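Asker: Keeping their order, the protein sequence lines are chains A and B.
Residues in the first sequence are numbered consecutively from 1, following the working numbering.
Residues in the second sequence are numbered consecutively from 370, following the working numbering.
Don't read these hints as lab results, they were simulated from the structure.
Given the structure is predicted, the values throughout are model-derived calculations rather than measurements.
Fair warning: there could be bad hints in the mix.
As the list claims (entries may be wrong) - Below, a list of computed lysine-lysine pairs in the DSSO-like style, where the Cα atoms sit at most 27 Å apart:
| id | chain 1 | residue 1 | chain 2 | residue 2 |
| --- | --- | --- | --- | --- |
| 1 | B | K446 | A | K359 |
| 2 | B | K536 | B | K459 |
| 3 | B | K454 | A | K356 |
| 4 | B | K459 | B | K388 |
| 5 | B | K534 | B | K557 |
| 6 | A | K356 | B | K507 |
| 7 | B | K507 | A | K287 |
| 8 | B | K557 | A | K287 |
| 9 | B | K454 | A | K359 |
| 10 | A | K359 | B | K507 |
| 11 | A | K287 | B | K536 |
| 12 | B | K459 | B | K557 |
| 13 | B | K534 | A | K356 |
| 14 | B | K564 | A | K287 |
| 15 | A | K359 | B | K459 |
| 16 | B | K557 | B | K536 |
| 17 | A | K287 | B | K454 |
| 18 | A | K359 | B | K557 |
| 19 | B | K388 | B | K454 |
| 20 | B | K564 | B | K507 |
| 21 | A | K287 | B | K534 |
| 22 | B | K388 | A | K356 |
Said to hold, decoys possible - From chain B, some residues computed to sit far from chain A (all C-beta separations above 10 Å):
| id | residue |
| --- | --- |
| 23 | I374 |
| 24 | N424 |
| 25 | I438 |
| 26 | R456 |
| 27 | N468 |
| 28 | A481 |
| 29 | P485 |
| 30 | N533 |
| 31 | K534 |
| 32 | E542 |
| 33 | Y588 |
| 34 | I594 |
Glycine included, each C-beta is placed from N, C-alpha and C at the ideal position.
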Amino acid sequence: MRRRKHRTIVNVIGFIIVVATLVTLVSTARAWDTSTSQPLKQIGTDLILIYSAPVVPSGTGCFIANHLFSFPFEQSSMTEIQQVEGIKNAVPILMHRMGAVVFVGFDPEEKETNAILPNNIVEGRYLTSEDTNAAIVDYEYAKLNNLTIGSPINYIKGKFQIVGLANIDAANILKSHIYVNLPAGQNALPENNTGLVNVALISVYDPRDVPKVSQELIDKWAGATPIAATDLAASTSNVLKINEQTAWNISIIVAVVTVLFTIRTQVSTVSERTHEIGILKAIGWSKSNIVNQIFIESAIQTGVGGLIGCIIGVGLTWYLLGSMSGVTIADPLILAAGFLLALISGIVASAYPAWKAAKLSPTEALRAI
Amino acid sequence: MQKNIIIQLDQLTKTYHLKTGEQIHAVNNLNLTIPQGEFCTIIGASGSGKTTLLNLIGGLDKPTSGSVIVDGEDISKLNERDTVKFRREKVGFVFQSFNLIQTLTATENIEAALAPSEMADSERINHALTLLESVGLKSRINHLPNELSAGEQQRVAIARALANKPKILLLDEPTGNLDTATGKEIMKICHCASKQNGQTVLAVTHASYVKEFTDRLLYMQDGKIQTNPVDPIN
């Protein structure tokens, strides 16, 4: 095999292409999925609902959601929202900005879907529904402003005392500086905002229903703007926009093409080796010896091709996604799948030539030049 | 069958059917017995059926009719697996065109003949090196066939044929591609090997000097051994 360099190299390159393509495409697609769903997954939701607003003067602050200006709406509409088919839960959030400070009012009893969750607390404690003047502050913000547990903190009309510090991931679209109980938050704002919120965090039973649910929300509430993971990602990510299923489909097409290509080269290789096979048969090699030899050679080629393909695939994925946080560059499952695909391709590609070689009569094979 | 007869051919026929409908009897109702340890040479013109006869005796081809009894076994009736075992254990082939695998070194070519056996790797390599040494190629063990002279290539082929210690050596024009001096050298190696190991040798050739090495000279014509031949050599 090592002295049939040209054929061997061509075959190995074929497998490198298959595996590198698969690893790169699937890893990138998975990273795309991760990056698109991450901002909402961080807060345990599938989509958020706001009423988009034009730019609001900043004198008294403004309602925002993920950097989008929004109008407040009745907190009581959560009950109606929850009645939309497919919706599992709707959680109200008040999110307000004054200057550079972002302030959130939330219901601490909602522990699955929320702007801040108990596992975000790194110091102190989470809020309870009884806390009227307690606040949780973002750890970095606290550090920057020399705030600690027990420090007072004010937001417009509200006066609070810090009871907890939280580490909120940058991917969390509702990342804020100050978190308080929802009623306390409503009372802290300059105007009377009792019973008003500006964000609904909506979780659905089946994530595949998100587009359908979004459409229904638009239909029922004029001016409502549902924002799903894909909407966020479309504006925030510049990675290859391809879903995982498409990536697998492309990889399988590449694999099929490579198998056909490899069958062709293997058939040519076996044809070129007809005389050699005749010699081997004349000196006592059996059909199974010949088949095994061809399979072993193919397995080595696919093994080497698969290994190099995995390395190149990881390299390309790193090149494409290196700057993104929270994505897996080398997923062992994808690498294993790529390697396995190469191995299966190799076996399939060498099966016919091996069978053809095995059934050659020694005298016919010896006559071949 | 006599006790010391190793090859017995009874009414052996090999017929080829051409696309034109014509039939060619390459071996035609041939009877022959060869005792164990004999160096027997068959001489005949091209197309007389010599190579076909060797292929039939060596289990490379099946007869159309008749029997090929080698070492007490009718090899024409063997199944595929037993035929392979027979080729591996009982016969060693040496061809006119050497038939070495061009991508393997001299040692590896010999190892290839030993590969299907249960021999350990180190044992196989040592055995191959011993054989190469016995044919005077100690300094050529890592050379590819195209780096060897014709005589050296044929010596590798002889070493390979002897690798599995076969009872029978079948030499198909072993000196056909060699000059007289080299050809004699090759025949001498085969002769010595057969006498040392008690192997039976059946050679087909055109070379006149084979008489020096052979125990019995036979003439083949039209697929048959001639009882009153015209000696094509003299």
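Asker: State for each hint whether it applies.
Answerer: Here is how each hint holds up against the structure:
1. B:K446 <-> A:K359: holds, 19 Å
2. B:K536 <-> B:K459: Judged against 27 Å, a Cα distance of about 5 Å means the pair holds.
3. B:K454 <-> A:K356: Cα-Cα ~21 Å, so holds.
4. B:K459 <-> B:K388: Violated - the C-alpha atoms of K388 (chain B) and K459 (chain B) are around 35 Å apart, more than 27 Å.
5. B:K534 <-> B:K557: holds, 18 Å
6. A:K356 <-> B:K507: It is violated: about 37 Å lies between the C-alpha atoms, which goes past 27 Å.
7. B:K507 <-> A:K287: violated, 32 Å
8. B:K557 <-> A:K287: With a Cα-Cα distance of about 35 Å, the restraint between K557 (chain B) and K287 (chain A) is violated, given a limit of 27 Å.
9. B:K454 <-> A:K359: holds, 17 Å
10. A:K359 <-> B:K507: violated, 37 Å
11. A:K287 <-> B:K536: Measuring from Cα to Cα gives roughly 23 Å; hence the hint holds.
12. B:K459 <-> B:K557: holds, 22 Å
13. B:K534 <-> A:K356: violated, 31 Å
14. B:K564 <-> A:K287: violated, 33 Å
15. A:K359 <-> B:K459: holds, 22 Å
16. B:K557 <-> B:K536: Holds, because 18 Å separates the two Cα atoms, which is no more than 27 Å.
17. A:K287 <-> B:K454: Holds, at about 12 Å.
18. A:K359 <-> B:K557: Measuring from Cα to Cα gives roughly 37 Å; hence the hint is violated.
19. B:K388 <-> B:K454: violated, 33 Å
20. B:K564 <-> B:K507: holds, 22 Å
21. A:K287 <-> B:K534: holds, 22 Å
22. B:K388 <-> A:K356: holds, 23 Å
23. I374: holds, 24 Å
24. N424: The claim breaks: N424 (chain B) does not keep its Cβ more than 10 Å from every Cβ of chain A (closest is about 6 Å).
25. I438: Correct as stated: the minimum Cβ-Cβ distance to chain A is 20 Å, above 10 Å.
26. R456: violated, 5 Å
27. N468: violated, 5 Å
28. A481: violated, 7 Å
29. P485: violated, 5 Å
30. N533: violated, 7 Å
31. K534: holds, 12 Å
32. E542: holds, 13 Å
33. Y588: holds, 24 Å
34. I594: holds, 21 Å
Comparing the model with each earlier hint shows violations of hints 4, 6, 7, 8, 10, 13, 14, 18, 19, 24, 26, 27, 28, 29 and 30; every other hint is respected.
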